[in-house]
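Chemist: This is what each chain is made of:
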Amino acid sequence: MPAILLLEQSLNGLQFGLMLFLLAAGLTLVFGIMDMINLAHGSLYMIGAYFMASFAQMTGSFWLGLPLALVATAIVGALLEISLLRRLYGRDHLTQVLATFAIILIANEVVRIAWGSQPMMLNTPAELTGPVTLPGGMQYASYRLAIIAVGAVVAILLYLLVTKTRVGMLVRAGASNREMAIAMGVDIRRLFTAVFALGAALCALAGAMLGPIFAVQVGMGENILILAFVVIVIGGIGSIRGAFVGSLLVGIVDTSGRAFLPLFFGVFLPPQLASAAGPAVASVLIYLLMAVVLYFRPQGLFPARG
Amino acid sequence: MRAIAVFLLLAIFPLVMQAMDNLFYVSFASRVLIYAIAATSLNLVLGYGGMVSFGHAAFFGGGAFVVGILAVEGLRSVWLAWPIAIAVAALAALVIGAMSLRTRGVYFIMITLAFAQMIYYIFVSLKAYGGDDGLQMPGRSTLGFGRLGNDLVWYYVVLALLAAVLYAMHRLVHSRFGRVIAAIRENEARAEAIGFPVYRYKLLCFVIAGGIGGLAGALIANQSSYVSPSLLHWIQSGTLMIMVILGGVGTLWGGVIGAAVLLGLEHLIADYRIGWLAKLAPNYQDHAGLAVGIVLLTIVMLAPEGIAGFFGRRRHA
Amino acid sequence: MKGKLSTFALAALISSGAQAANELKIGFLSTLSGPAGAIGIEIRDGFNLAVKHAGGKLGGLPTEVVFADDTLNPDTGRQLAERLLKRDRVNLMTGVVFSNVMLAVWPTIQESKIFYIAPNATPTNITGKGCSPYFFSASWPNEAHHEAAGAFANSKGYKNTYLIAPNYPAGKDSLTGFKRMYKGNVVAEVYSKLNQLDYSAELAQIRAAKPDALYAFLPGGMGINFIKQFNAAGLAKEVQLILPGFVSDQDVVRAVGEPMLGLFDTSHWAYDLDNDANRQFVAEFEKEYKRIPSLFAEQGYTAALIIDQAVRDAKGNVEDEKTFRAALMKAPEHAKTPRGQFKEAANGTPIQDYYVRELVKDKNGRIVNRKIGTILKQHQDFWLKDCGMK
Chain A
108 MPAILLLEQS
118 LNGLQFGLML
128 FLLAAGLTLV
138 FGIMDMINLA
148 HGSLYMIGAY
158 FMASFAQMTG
168 SFWLGLPLAL
178 VATAIVGALL
188 EISLLRRLYG
198 RDHLTQVLAT
208 FAIILIANEV
218 VRIAWGSQPM
228 MLNTPAELTG
238 PVTLPGGMQY
248 ASYRLAIIAV
258 GAVVAILLYL
268 LVTKTRVGML
278 VRAGASNREM
288 AIAMGVDIRR
298 LFTAVFALGA
308 ALCALAGAML
318 GPIFAVQVGM
328 GENILILAFV
338 VIVIGGIGSI
348 RGAFVGSLLV
358 GIVDTSGRAF
368 LPLFFGVFLP
378 PQLASAAGPA
388 VASVLIYLLM
398 AVVLYFRPQG
408 LFPARG
Chain B
48 MRAIAVFLLL
58 AIFPLVMQAM
68 DNLFYVSFAS
78 RVLIYAIAAT
88 SLNLVLGYGG
98 MVSFGHAAFF
108 GGGAFVVGIL
118 AVEGLRSVWL
128 AWPIAIAVAA
138 LAALVIGAMS
148 LRTRGVYFIM
158 ITLAFAQMIY
168 YIFVSLKAYG
178 GDDGLQMPGR
188 STLGFGRLGN
198 DLVWYYVVLA
208 LLAAVLYAMH
218 RLVHSRFGRV
228 IAAIRENEAR
238 AEAIGFPVYR
248 YKLLCFVIAG
258 GIGGLAGALI
268 ANQSSYVSPS
278 LLHWIQSGTL
288 MIMVILGGVG
298 TLWGGVIGAA
308 VLLGLEHLIA
318 DYRIGWLAKL
328 APNYQDHAGL
338 AVGIVLLTIV
348 MLAPEGIAGF
358 FGRRRHA
Chain C
36 MKGKLSTFAL
46 AALISSGAQA
56 ANELKIGFLS
66 TLSGPAGAIG
76 IEIRDGFNLA
86 VKHAGGKLGG
96 LPTEVVFADD
106 TLNPDTGRQL
116 AERLLKRDRV
126 NLMTGVVFSN
136 VMLAVWPTIQ
146 ESKIFYIAPN
156 ATPTNITGKG
166 CSPYFFSASW
176 PNEAHHEAAG
186 AFANSKGYKN
196 TYLIAPNYPA
206 GKDSLTGFKR
216 MYKGNVVAEV
226 YSKLNQLDYS
236 AELAQIRAAK
246 PDALYAFLPG
256 GMGINFIKQF
266 NAAGLAKEVQ
276 LILPGFVSDQ
286 DVVRAVGEPM
296 LGLFDTSHWA
306 YDLDNDANRQ
316 FVAEFEKEYK
326 RIPSLFAEQG
336 YTAALIIDQA
346 VRDAKGNVED
356 EKTFRAALMK
366 APEHAKTPRG
376 QFKEAANGTP
386 IQDYYVRELV
396 KDKNGRIVNR
406 KIGTILKQHQ
416 DFWLKDCGMK
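Residue numbers (the working numbering), protein chains in the order written: chain A, 108 to 413; chain B, 48 to 364; chain C, 36 to 425.
Chain A extracted, bound-state conformation:
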């Protein structure tokens, strides 16, 4: 196995894992603090990508469009929380699953009505369309490197926010013992809305950064949503640290699986079958990973609740 291949696939896995983290972080906070399963999280990712595509086109600049998209999606998230999702706290999980599933359907159609059925083109910023030469001589897409950088920076900021600030302390208190937090006078309603809006903004960031690589199209949220859920179950519901470790784990297993399994199968299977078996087994590996983690640690790797 050439070293160059290993290095490149590791970077790819890191890139995917960090973007997954952006989604998983918001999801785990909402689940941990408000005890709500939110299937519509993927829809916020989609809406974020669409806003980004529109704003980037309107302003003509990727970097101008980005903050606009984040704010717009955060607003949508906050409105959604205030009008609808707030009523789901405290209801049973089945109700939450069905209600947010309904929101996925509605969101998909609304986006289709507003933006049309054709995928939107979102281009990498002009400065980042070429390769970058890494130490050692290998070339890697500069944009992907940028994604890794952004993901890492946000992870650090989130960590600082949750562990070193007052707001973060409230969030952790809410995650580990909600009743106590309320009893201590925390304005729980505003905290919840803020957490939800933050989660929405993180989704938008992931959607905006991944938009140029994947197409921006209706339904883009569903596939990544499932992976995000797997991540938070592995990592432990309510834990940012768990979401981080979980996403990197899932991102690397998934990417490496997709990259190396077809080669492995190609040794004894014809190319078409090897190419099909590879990604399939890679996906199964992820779920197997989740099952194994749950067997040994039923609350996930870093459970937030005491």
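Take the hints with a grain of salt, since some may be wrong.
What follows is a set of in silico ranges between Cβ atoms, one per label pair, in the way DEER data are often shown [to be verified]: (1) B:E235 to A:D294: 32 to 42 Å; (2) C:Q376 to A:E234: 45 to 55 Å; (3) A:I220 to C:P97: 25 to 35 Å; (4) B:E120 to C:E319: 17 to 27 Å; (5) A:A256 to C:E146: 54 to 64 Å.
Keep in mind the hints are simulated off the structure, nothing from the lab. Glycine included, every Cβ here is placed at the ideal spot set by N, Cα and C.
With chain A's structure known, arrange chains B and C on it following the hints.
Modeler: Showing chains B and C alone in chain A's frame:
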């Protein structure tokens, strides 16, 4: 009894359609009835059993693939292929249930989802059996007499099976087994304290539901002589859950009502132009999903018992 | 329960109108949305242009085209085909872009004994052993462009070539076709997932394998993403990219732009083909739709022209299978299609020339696919030999 009246109407329906030279609707109706069976099987485990399984597509799609693969390999007889499909689905339910039922709450939901996805990815990778594109069957299963290929005959076979499933459910729910399951659903700790082997009852319920789901799968494969991998996808599990909630969680007719309402609604919106609505929004027919989503959301928020709940029917049938 | 019955009864009453005789109702089932939707739209626009020029009457019969979007989902395609055939009672079908959808809907079409005129997907399963009188392709056999590319790669002397295509029937056909003509060393044959959009894994492997050339069949959005990512990874300088015409035509050019200049591709048609019908087609397409037509648009246009010619020759007799088929088979020989006249082989595939094109800027600065040579002359489908029909 009301049930008999309904079945009488359902029995006459295709003859009326044939008289109008509109066999397309008979085919559509049999599709609805098959989904009714699938949704009813989910209602058993979800509504009566109280187990929120998000992986029911594994049994529905699994049953379909068993029939499809057997057909492609030459085994097309109804008397062999369908029972095998049911058995395989039940076995899968046994394995999946045995592992999943050891968890609770959201973890149970996630684990059942995970298993279903695993099965989906495995089948999708089987290029020999269609992979991504689905499996084309040589035709409907063979009876040894008569032809299931005739849409009218097919409709009656499906209708008969639906009646059998509903009758079996009715008997099951009113049996001792049914009452224990209801007790477990209401308060698991108390049932356990009384001395019921809770785990075994839940597992049995899960397996029965899985088997019936497999039967529905065998039927859907035959409906178009084609097995689509989307039958195994988690979105399919979600769709079945929507049918259950629309029709009435934990009611006998819930699955039937839900399937009819959901599929009927989608079809009506997509295919029949309502003049004044078209003037307001010319493309409204492309967005049937919006109406479905709004209706579902409204029902979930306002009437968690589903449509049957509106009529005051509580959790018994 | 009563609700369900009355709904169906009402619906049935609404739709049971008798089919008017002497009109053409064409079912156009295509991929009109999603990452590959642009292809279906090109074909549709070409088709509609021809219908418009015929005054809304193909072959002299008032023509209604019923559009349906399969969203690149074989299951959806099947259900829509059933609806078009059984409920809408179309008398001709056309439109399918992707081979996996084609194979899924083909049994339903065959059962209905309705003629299908392919403006794109022409899978080898339907042209070889499974050939049928109801199938008529107005495009090209699935492997043709790839055979042409293989021959071209030979002529340029590339010794080591890496192959990539999506994992579905046409993908497999494409690499089979390339390998048939290519005499050099195939470094690897890789199948990506259909509609996959992130090629980081595949690109890493290509880089590590260091081939001279890379042949990539990735239609629609897949190709757009692949080419962009290929360039972003810095591979354009290391590996020569060869493409079949459908991965490098106007739909992709609009999305990718200048990085595509200098690429070679193979095609059955070029926008600068030297005949009157083509000049007229290109001019009118540009006027109507304000963009340069791609080969997909030509295929849609030609399909409609063939239908027009055949219906006219059969004197409107679409229902009589023998008559209509005979007319269809002869139609390409005198219809005024943009690619010129061609013959149709017994298995329903065209016998025609294939050209090599290069992406250059025209005198107005637009990026176009200019014909630079003919690589295969009067080339026929390899699988014709397996078809028993005459």
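Chemist: Sort out which numbered hints this structure fails and list those numbers smallest first.
Modeler: 4
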